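In order, the protein sequences belong to chains F and L. Last residue of the first sequence: number 406 in the numbering used here, and the count goes up by one each step with no gaps. Last residue of the second sequence: number 1420 in the numbering used here, and the count goes up by one each step with no gaps.
Mixed in with the good hints, there may be bad ones.
[Stated by the list, open to error] Derived, one-sided and incomplete: chain L residues facing chain F with beta-carbon distance under 7 Å:
id	residue
1	ILE1343
2	LYS1375
3	LEU1391
[Said to hold, decoys possible] Taking lysine to aspartate or glutamate and the EDC-like style, the derived pairs with C-alpha atoms no more than 20 Å apart in a straight line are:
id	chain 1	residue 1	chain 2	residue 2
4	F	LYS41	L	GLU1292
5	F	LYS4	L	GLU1198
6	L	LYS1143	F	GLU310
7	L	LYS1143	F	ASP259
8	L	LYS1055	F	GLU226
9	L	LYS1143	F	ASP234
10	F	LYS41	F	ASP78
11	L	LYS1229	F	GLU333
12	L	LYS1055	F	ASP228
13	L	LYS1229	F	ASP164
14	L	LYS1287	L	GLU1274
15	L	LYS1229	F	GLU248
16	F	LYS41	L	ASP1290
17	F	LYS10	F	GLU382
18	L	LYS1306	L	ASP1285
19	L	LYS1239	F	ASP54
20	F	LYS344	L	GLU1224
21	L	LYS1239	F	ASP249
22	L	LYS1143	L	ASP1163
23	L	LYS1090	L	ASP1117
24	L	LYS1143	F	ASP228
25	F	LYS344	L	GLU1274
26	L	LYS1239	F	GLU226
27	F	LYS246	L	ASP1109
28	L	LYS1250	F	ASP162
29	L	LYS1239	F	ASP259
30	L	LYS1229	F	ASP330
[What the hints assert, rightly or not] Non-contacting residues of chain L with respect to chain F, defined by C-beta distances greater than 10 Å in every case (computed):
id	residue
31	ASN1079
32	ASN1122
33	ASP1136
34	TYR1142
35	ASP1222
36	LYS1250
37	GLU1274
38	ASP1277
39	GLY1282
40	ASP1285
To be clear, the hints were calculated from the coordinates, so they are not data collected in a lab. All figures in this text were calculated on a predicted structure; none of them were measured in a lab. Think of the CB as a built atom: it goes at the ideal place given N, C-alpha and C, for glycine as much as any other residue.
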Amino acid sequence: MNGKPLEGLKVLDFCWVAMGPMTTKYLAEYGATVVRVESAKRPETLRTAAPFKDGVSGINRSGYFANNNPNKYGITIDMRHPRARDLILRIIPWADLVTENFTPGTMESWGLGYRELKGANPGIIMLSASMLGRGGPFERQPGFGPVLASLAGMTHITGWPDRDPVNPYGAYTDFVVPRFAVAAILAALDYRRRTGDGTHLDISQLETSIHFSAPFMLDYVVNGREQDRMGNRDPAAAPHGVYPCKGEDRWIAIACTTDAEWQALCRVVDPTGQNRVHQERYFTLLGRKSDEDDLDGIIGAWTRGWDARELMDALQSAGVPAGMVNDSRDLFEDAQLTHREHFKYLDHPEIGPYASERSEFNLSRTPGSLDRPAPLIGEHTEYALKELFGLSDGEYRSLKDDGVLE
Amino acid sequence: MRENGGTLLSPYRVLDLTDERGLLCGKILADLGADVVQVEPPGGSTARNIGPYYKDEAHPEKSLFWWAYAVNKRGITLNLHTEKGRELLKELVKEAHFLIESYPPGYLDSLGLGYKDIESLNSSLVMVSITPFGQDGPYAHYKASDIVGMAMGGFMYLTGDSDRPPLRVSFPQLYLHGSAAGATGAMIAHSHRVLTGEGQHVDVSCQQAVARTLAHAPQSWDLEGEILKRMGPFRQTGKETMTRANWRCKDGYVNYMLQGGGPGVARSTRALLEWMDEEGLGDEDLKAVDWEHLGYGRVRADIMEKSVAPLQRFFATHTREELTTASVERRILLFPVATPANIIEHSQLIARDYFKELPHPELDISVTYPGLFAKDIEGGERMGLSRRSPLIGEHNVEIYHEKLGLTPEELTNFEEDGVI
């Protein structure tokens, strides 16, 4: 029998919104004890974010928050209270890792910078994630993933060439960074195991996200070229796009990178050789590229008669890379995501059953699991302070009566 | 490199069998200090056939894709289609800590190099497999290029203009998400290995990795029965709520999202409205909204529609630079829509010493690379970017000698037999 791989790892988690909580969700899913510090006076942004169960808002009802915070304990501390600093320093020896993604300088303003934490726990590891990193002229620039994606160059390369660019959906870069962050945290943990030394990791969402278009950066550096948005086209493939299917706003993506894939597509379109796909000029990629609008028109006219899922299956059976454009409901019905148990349903005291996304990798020997719903605001304050951090009942009461735990 | 503890991952050796679909995973481990050896087929990786190229010369040593994602690794060639090649790989596996691969499911098994085979050679090895849909299941053998995976992951339906087809990012993202997730999974499995000595198989689904980038869209369906749609410069945040992200300014585009919710966000909104006021472009209706108690992503469509004209009027009077600079001072959540040039020249990145010059001696140049994805503030050099991507077979001699003790004569024989 195996325990979870991160069992015993103790995390004091000051993260908020999306990037930070997704990072600590991986840790909690794989066995770490993650205690989220929140403020009841200043609830974190995600608790106020839609969707809410049945559309009714409430501090414990956000599905966005609930998805990102299962398996974690939730406590409330008013960090502006004069006694908050001492309480945190009292807890720090318990922790292996402190995570935060405030604007740089916030932890320091509370007297809880890395040096102070290290004073209370010499081996402490700290993750400080921010939009643009610590230091530098833009250190204090506030922001969040949806707009940071633009600074990181993603918006510039998303859109139709004849139109304004559009943002990649959502808080895109917020979901890029956590995978890097977890790898770095666990590397720092390994280093501490070997040497006893902690690490302060400073992650700039901008700097991490640039790796998602790094060749385009190099293209500018060495060739002076600025790559631009290309719609759905790809310089090395044709056809390469999204084509309409039966029904409203139903689509299929098709990509032929090789001539063999193109020939396979032609056979599915029309085995008799009568359809306009069977033109000599389309035998080569160069030929298909030479009049791609026309090619897309022919393919689109043909796909229109198909159900997207049936067409995907037919094309894939023939060896053509093709996938239906899943909307949010389709994701819940996707056969592969269902097979992988992508959505795990948790039972939340206020929301009821809700879907939380499991990690996108399966570990063969020590799988992770989502077992407990996201915490209600302050749900575990008393439990964590007494049972995890070892405060006496008297100490707890005194803090509570003084308004520290709000 | 530090003497005592070395780098964060300096004791660990990684065999990287991936092609263009998985290179980033090993690079993340290399940046953290692991010794990563890229294993390519003789003649070089298919990733070298991906442009753009240095000076637009389509040549396997000049692919900027390869430069970007094989950087910081050493490289050897090995032909897994020969028996001797497979034997050499097995020897390398015995002393490795990680093996990363991105072949279609079942391919390595067909060569006798699947996880079961690897495990019998080195039971403490962590093997990472990066595939579009995972190792098994109904779509495991479906073919996926970037656009197929981005479609099936749910990203494209939500991205693009409402009157046009769903849209992808014009640089492939699918496998980058999966590769980064591979590094996460690898390090979680590693954490178990260092405590128990037990290795395992990490099976990554790129489709799932993409499906985790959709903010709250799946939850909108789950809890409110709402299928969110793509809306061009706007973003639908809920059944009746939306915001706009992208705006034209005097000389390009900026991103700004009119929002309530959370102390920083409401403050940002107020700061922008005040700035508009100062310039005589204020709007009383917008000022009257209770941004402080509105909630994040809770701007109703009617408020948003009313706000477009005054905000657009204001943004159009300023350049990207003016808007960006003032937004730092005024603490407004606004960023430019940056082009590669803007990023390379960004004063914050320069101030943080982000970019790193790496020499390419065979071309007699040195090239500015995107730097490390994280900084190690106190430790200095426990992470690092130290070498350009390998040339084809560049480290054959040193690695086959260092790790397997092969002599130059043996290497020459293997070369002649097409093994390496």
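Here's how the hints hold up against the structure:
1. ILE1343: holds (5 Å)
2. LYS1375: holds (4 Å)
3. LEU1391: Where the cut-off is 7 Å and the nearest Cβ of chain F is about 17 Å from L/LEU1391, the hint is violated.
4. F/LYS41 - L/GLU1292: Distance ~13 Å between F/LYS41 and L/GLU1292 Cα, so the pair holds.
5. F/LYS4 - L/GLU1198: Since the Cα atoms of F/LYS4 and L/GLU1198 sit roughly 13 Å apart, the hinted pair holds (cutoff 20 Å).
6. L/LYS1143 - F/GLU310: Distance of about 16 Å is within 20 Å: holds.
7. L/LYS1143 - F/ASP259: holds (15 Å)
8. L/LYS1055 - F/GLU226: The given pair, whose Cα atoms are some 14 Å apart, holds under the 20 Å limit.
9. L/LYS1143 - F/ASP234: It holds: about 17 Å lies between the C-alpha atoms, which stays within 20 Å.
10. F/LYS41 - F/ASP78: The given pair, whose Cα atoms are some 7 Å apart, holds under the 20 Å limit.
11. L/LYS1229 - F/GLU333: Distance ~18 Å between L/LYS1229 and F/GLU333 Cα, so the pair holds.
12. L/LYS1055 - F/ASP228: holds (18 Å)
13. L/LYS1229 - F/ASP164: With Cα atoms ~18 Å apart, L/LYS1229 and F/ASP164 stay inside 20 Å; holds.
14. L/LYS1287 - L/GLU1274: holds (9 Å)
15. L/LYS1229 - F/GLU248: holds (12 Å)
16. F/LYS41 - L/ASP1290: holds (18 Å)
17. F/LYS10 - F/GLU382: Roughly 17 Å between the alpha carbons, so the hint for F/LYS10 and F/GLU382 holds.
18. L/LYS1306 - L/ASP1285: holds (8 Å)
19. L/LYS1239 - F/ASP54: holds (11 Å)
20. F/LYS344 - L/GLU1224: Roughly 17 Å between the alpha carbons, so the hint for F/LYS344 and L/GLU1224 holds.
21. L/LYS1239 - F/ASP249: The hint holds at about 18 Å.
22. L/LYS1143 - L/ASP1163: Between L/LYS1143 and L/ASP1163 the Cα gap is close to 28 Å, so the pair fails against 20 Å, i.e. violated.
23. L/LYS1090 - L/ASP1117: holds (9 Å)
24. L/LYS1143 - F/ASP228: Distance of about 27 Å is beyond 20 Å: violated.
25. F/LYS344 - L/GLU1274: Not satisfied, since the Cα-Cα distance of roughly 45 Å exceeds 20 Å.
26. L/LYS1239 - F/GLU226: violated (38 Å)
27. F/LYS246 - L/ASP1109: This hinted pair is violated, its Cα atoms lying about 40 Å apart.
28. L/LYS1250 - F/ASP162: Cα-Cα ~19 Å, so holds.
29. L/LYS1239 - F/ASP259: Status violated; Cα separation ~44 Å.
30. L/LYS1229 - F/ASP330: holds (13 Å)
31. ASN1079: Check passes; 22 Å lies beyond 10 Å.
32. ASN1122: holds (14 Å)
33. ASP1136: For L/ASP1136, whose nearest Cβ neighbour in chain F is about 8 Å away, the distance does not exceed 10 Å, so it is violated.
34. TYR1142: It is violated; L/TYR1142 is separated from chain F by about 5 Å at its closest Cβ, not greater than 10 Å.
35. ASP1222: Violated: least Cβ distance 5 Å, not greater than 10 Å.
36. LYS1250: holds (15 Å)
37. GLU1274: Its Cβ never comes within 10 Å of chain F, the nearest being 16 Å, so this holds.
38. ASP1277: holds (20 Å)
39. GLY1282: Given that every Cβ of chain F is farther than 10 Å from that of L/GLY1282, nearest at about 22 Å, it holds.
40. ASP1285: Correct as stated: the minimum Cβ-Cβ distance to chain F is 22 Å, above 10 Å.
The structure is inconsistent with the numbered hints 3, 22, 24, 25, 26, 27, 29, 33, 34, 35, although it conforms to all the rest.
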